[in-house]
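*Asks:* Single-letter residue listing:
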Amino acid sequence: MIARLFAHEMRKLVARKRSWIGFAAFFALQIAILALLQLPKPKREIGRILEQNALGFDDHYMGMTLAIVIIAFTFTLLGALYVALVGGDIVAKEVEEGTMRMILSRPIRRLELLGVKFAAVCVYTFALVVFLGVVALIFASAYRGGLGKLFIFLPDEGLFASYDTWEGLWRYARSMICLAYGTLTVAAMAFMFSCFPMKPVSATVLTLSLFVADVILRNLPYFRSIQEWFISHHIGFWVRTYHEYPPWHEIVVSMGVIAAVSATAFAIGAARFCTRDLKS
Amino acid sequence: MATPNSATPALSIRGLRKRFGKRDAVHPLDLTIQRGEIVGLLGHNGAGKSTTLGCVLGQVFADAGRIEVLGHDPATDRRRALQRVGAIFETPCFYGYLTGMQNLTALAAMSGPLDDDRIAAVVDRVGMTDRIHDRVAAYSHGMRQRLALAQALLPEPELLILDEPSDGLDPAGIVEIRQLVRELHAADGLTVVFASHLLGEVEQLCDRVVVMDHGCKVFDGNWRDTPTSRGIVEIEVDRHDDALRCAIDLALVVGPAPTSRDAATHRWRLAEDATVSELNARLIAAEFSVARIGLLRPQLEDLYLSLRESAHERPAEAAA
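Sequence order for the protein chains is U and R.
So for the first sequence, my numbering puts the first residue at 16; every next one is plus one.
So for the second sequence, my numbering puts the first residue at 1128; every next one is plus one.
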């Protein structure tokens, strides 16, 4: 029964136009970034960084490096937005539109229903990140005529690394899975707010407000020493997998924090929803 | 725990109480509906009908009391309590971006295994076969209401809860819903709880009505068998006051009945052994001109309005 419910939940998610906004937006954004990178000035800037580090422009200014540039600078906020949009809708929209009452006249338990909905949001989050990763790689490779070597340079993270094609591709795939896992926190927060008596848009806005506030606070120079207190620090653990010797202890801690925060958000949301009166 | 069987009431409510903030939505309410009954649930907006039905379906959590649906408590054994219950609400809400069939299969998945033949049979029964593969966004209100009925019938219900099922329907749609409910009741012995503002509909479907007012049950019984509608004559007569006095003197009439509709037509309450023909003959013999006389057909509206009047008088009496 749960499998059937999950299949129907996914069908609903797929059939809704809103679910596709994130895919369409990233698709368009990737094309825009690639077009802008064709301009001489940005191209020169990347070339300068590569040359300063004695890395060949033609080897490294290729599909994989550009894909990482696209993802690192677009997903953090935009990804959160689209995941929060779907997560914020998943329960609140059904309550708002009245379909929840119809569902709750059936013999399904509320917790079962929430479990299925949360699973659907998690699958959506993974699908969005995988889509983004694959499409970025395909577009950037088509644009530059190949995957090339992977070059990643993020000074704030103390990250500077270069890998040849297969090593780079493996690390790229692994980092996308980690990014999807980290983004679950945003999905779980949006889901939690969606379980409260509020409009779907409020659930989305609240989630984004919390997330953006977290990013802002983390980036204040005074709080650098307590970075690990902020959830965005842990969500960003996918970047750390690109270190030549990834800090596995830190990565495992971040994964644990993400799991704990997501589970707590689900539990709070479920506790609220399972004790809520639903009336027209 | 006793195994529920056909002797168990379809619905049993004991001491149900629900508050929203400072407002009592349902005062302690007791109600038993036996299997096979069609019961009308009446009351103005905010009387507590929907809250009661919400508690029955586990959508609203009661503050106190015990509910048993088909012998099971929906609060603790939701699956068994609601397995054979169908429900419709005043505004039929579906996923507009899915087809009617996709909506039905999605809702059917929540009731347990259902085969395609059962879904097709239900769709056919509500007359939706031609449009079931269209998106619900393109459906009229009447079609949505039929789809709502279809989803309620999917689990082969023993108890059907209809909360304003005729709301917003055109006259033909209202008649169709009524006929369908009658058919289901006749064929399957379905128990039906019919909450509606359309007194005419309730009157045609239900013998037993439960009237709620401010969260309290103010009437529960056969509405045709009430003092407000028994032994009342409607009469159009000249010199009305004199005629009434004469009829009372002749011990044919007890007095005027409370609800008269217009100035020309009056209602009198007949004495126990008196008949309309005898009253007519005696008035004519007493040289009154009787333009029209007849026994009043019992009307639910009269009962409902008299209960409403009594309900309004209660707070005034309490204040006095």
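Hints were generated in silico from the structure; no laboratory data involved.
Bear in mind that the values here come from a model prediction, so they are computed numbers and not experimental data.
Glycine is no exception: its CB is placed at the ideal position from the N, C-alpha and C atoms.
Heads up, a few of these hints could be off.
Listed below are the simulated SDA-like cross-link pairs for lysine to any residue, each with C-alpha atoms no more than 20 angstroms apart in a straight line [unchecked claim]: (1) U:Lys108 / R:Lys1149; (2) R:Lys1149 / U:Thr290; (3) U:Lys214 / U:Leu129; (4) U:Lys108 / U:His264; (5) U:Lys294 / R:Ala1264; (6) U:Lys294 / R:His1171; (7) U:Lys56 / U:Phe42.
Label pairs and their computed distance ranges (CB to CB) [to be verified]: (8) U:Arg26 / R:Arg1351: 47 to 53 angstroms; (9) U:Ala286 / R:Asn1172: 29 to 35 angstroms; (10) U:Ser217 / R:Asp1151: 37 to 43 angstroms; (11) R:Leu1432 / U:Gly130: 16 to 22 angstroms; (12) R:Tyr1224 / U:Leu126: 24 to 30 angstroms; (13) R:Arg1252 / U:Ala22: 38 to 44 angstroms; (14) R:Asp1347 / U:Pro212: 29 to 35 angstroms; (15) R:Arg1245 / U:Ala228: 36 to 42 angstroms; (16) U:Pro212 / R:Asp1244: 54 to 60 angstroms; (17) U:Ser217 / R:Arg1351: 48 to 54 angstroms; (18) U:Trp244 / R:Asp1244: 55 to 61 angstroms; (19) U:Ile241 / R:Ala1191: 27 to 33 angstroms.
*Asks:* Could you run down the list of hints and mark each one as holding or not?
*Replies:* Verification of the supplied hints:
1. U:Lys108 / R:Lys1149: violated (28 angstroms)
2. R:Lys1149 / U:Thr290: Answer holds: R:Lys1149 to U:Thr290 is near 19 angstroms, not above 20 angstroms.
3. U:Lys214 / U:Leu129: holds (17 angstroms)
4. U:Lys108 / U:His264: Cα-Cα ~40 angstroms, so violated.
5. U:Lys294 / R:Ala1264: Measuring from Cα to Cα gives roughly 23 angstroms; hence the hint is violated.
6. U:Lys294 / R:His1171: holds (16 angstroms)
7. U:Lys56 / U:Phe42: Given that 20 angstroms is the threshold and the Cα spacing comes to 24 angstroms, the pair is violated.
8. U:Arg26 / R:Arg1351: 47 to 53 angstroms: Since the Cβ atoms of U:Arg26 and R:Arg1351 sit about 49 angstroms apart, the hinted range of 47 to 53 angstroms holds.
9. U:Ala286 / R:Asn1172: 29 to 35 angstroms: Distance hint for U:Ala286, R:Asn1172 holds at roughly 32 angstroms.
10. U:Ser217 / R:Asp1151: 37 to 43 angstroms: violated (30 angstroms)
11. R:Leu1432 / U:Gly130: 16 to 22 angstroms: With Cβ atoms ~49 angstroms apart, the hint is violated.
12. R:Tyr1224 / U:Leu126: 24 to 30 angstroms: holds (26 angstroms)
13. R:Arg1252 / U:Ala22: 38 to 44 angstroms: violated (26 angstroms)
14. R:Asp1347 / U:Pro212: 29 to 35 angstroms: Check passed, 33 angstroms falls within 29 to 35 angstroms.
15. R:Arg1245 / U:Ala228: 36 to 42 angstroms: violated (52 angstroms)
16. U:Pro212 / R:Asp1244: 54 to 60 angstroms: violated (40 angstroms)
17. U:Ser217 / R:Arg1351: 48 to 54 angstroms: Holds, at about 51 angstroms.
18. U:Trp244 / R:Asp1244: 55 to 61 angstroms: holds (59 angstroms)
19. U:Ile241 / R:Ala1191: 27 to 33 angstroms: Check failed, 49 angstroms falls outside 27 to 33 angstroms.
Hint compliance for this structure: hints 1, 4, 5, 7, 10, 11, 13, 15, 16, 19 are not met, and every other hint is.
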